[in-house]
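Make the complex out of the two chains shown on their own, each in a separate frame, by following the hints.
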Amino acid sequence: AQSVTQLDSQVPVFEEAPVELRCNYSSSVSVYLFWYVQYPNQGLQLLLKYLSGSTLVKGINGFEAEFNKSQTSFHLRKPSVHISDTAEYFCAVSEQGGSEKLVFGKGTKLTVNP
Amino acid sequence: GAGVSQTPSNKVTEKGKYVELRCDPISGHTALYWYRQSLGQGPEFLIYFQGTGAADDSGLPNDRFFAVRPEGSVSTLKIQRTERGDSAVYLCASSLTSGSSYEQYFGPGTRLTVT
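Chains as they are written, first to last, in the numbering used here: chain D, 1 to 114; chain X, 115 to 229.
Please note that the accuracy of each hint is not assured.
Using C-beta positions, here's what the derived DEER-type ranges look like [to be verified]:
1. Gly-53(D) x Pro-175(X): 34 to 40 angstroms
2. Ser-52(D) x Thr-166(X): 27 to 33 angstroms
3. Asn-68(D) x Lys-192(X): 40 to 46 angstroms
4. Pro-18(D) x Val-182(X): 44 to 50 angstroms
5. Ser-99(D) x Pro-184(X): 17 to 23 angstroms
6. Val-188(X) x Ala-17(D): 43 to 49 angstroms
7. Lys-192(X) x Ser-9(D): 32 to 38 angstroms
Don't read these hints as lab results, they were simulated from the structure. Idealized CB from N, CA, C, for every residue including glycine.
Looking at chain X on its own, in the form it has when it is part of the complex (with noise of 0.2 angstroms):
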């Protein structure tokens, strides 16, 4: 089946600008999470929604960055006022529900670059 998608898988823009990242999760999976890499770095969270409600939001680095479910399927990931610091690569991730199999599925990411 499909597994999860992101758009677009690349994304350029100039400072200060504002931009979106999509996620499209696996069909039937209630949870999904938003984590940040940067180059060299493991995965870092962000940001973790159960359904249309986001269950723990301690991962966002501050209030530019903001991210919604409201139909508890897509998702899409908002930040305001970029900076350079902002480019790495955004990875979403889905599983089945919260406390099942705890595996998560993630998708190919979104390269951002924040020139």
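The following block holds chain D by itself, in its conformation from the complex (with noise of 0.2 angstroms):
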């Protein structure tokens, strides 16, 4: 089995500064990696994922993941962030060769303020 930890609930930050969403995963079998992103009454929109290859991945938005295996972590990081940026991160993993099912962390709060 799979689980997720974000190590933060909410991050403030001004706008305009660089930011840095961290996300842990544990599992005993190789996982895909991915952020989304959740608007206020918006539907979750997917930011980014990792599947194999390079291990910094850029996605919408200006943001960027790195994967660290041995780490077992996926942080989310943006150089300089905008208000519209404001929402609620979720980083989520599934089991490569698996049924596909996502599995979540309790996301992180972002608040970009002026």
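Here it is in structure tokens:
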């Protein structure tokens, strides 16, 4: 079974500051890794995913994440945030060769202040 | 194009009643997933369909929960004898096919409140 830990439930930052949202996972098998974003009153939207290859993955809206197998981490970063990045961010894993189901963390609420 | 749609957007029901929640996936998507999101938590997997069949129903919490997808498109999640603990947002997602891009497209959810 897999599990995902998002270490920060809330992250407040100022506009144009850099941000890192942390994600660690636990699994006995190889996994695929995802970050989803949920804007207020909207559905979940995929930001980026790691399936294989380069461990640095670039996504939409200027976000990127780095897969670190030894530390079982997949932290999300953005060098300069905007007010519009205020949202809930979810890290998720799925088992390679498994049933496709996503196992999510509890989420991190990012609030960007002016 | 149209995304995943879910109806109703909100449902209030009394404890003990039966409810049905509907999901219309993106046209042509063969894989369909149901998740449940309780307040302050991430989505929790319930069931996954590939075509008409349930490929993985390991997340259904008990036998009060049942889902169908008779024609391989629209899916209905059915909850019998609802309990207050069933209150949550029920999310549906679809993907083009299993093992493709692994991207699941989510609907806006149905907020279920059991009073």
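Evaluated hints:
1. About 37 angstroms separates the C-beta atoms of Gly-53(D) and Pro-175(X), a value consistent with the hinted range of 34 to 40 angstroms.
2. At roughly 31 angstroms, the beta carbons of Ser-52(D) and Thr-166(X) sit within the given window of 27 to 33 angstroms.
3. For the hinted restraint 40 to 46 angstroms between Asn-68(D) and Lys-192(X), the CB-CB distance of approximately 42 angstroms keeps it satisfied.
4. A C-beta distance of roughly 47 angstroms is found between Pro-18(D) and Val-182(X), which places it inside the suggested range of 44 to 50 angstroms.
5. For Ser-99(D) and Pro-184(X), the Cβ-Cβ distance of about 21 angstroms falls inside the hinted range of 17 to 23 angstroms, so the restraint holds.
6. For the pair Val-188(X) and Ala-17(D), the supplied restraint of 43 to 49 angstroms holds, since their beta-carbon distance comes to about 45 angstroms.
7. Between Lys-192(X) and Ser-9(D) the beta carbon distance is about 33 angstroms. The supplied range of 32 to 38 angstroms therefore holds.
Of the numbered hints listed earlier, not one is contradicted by the structure.
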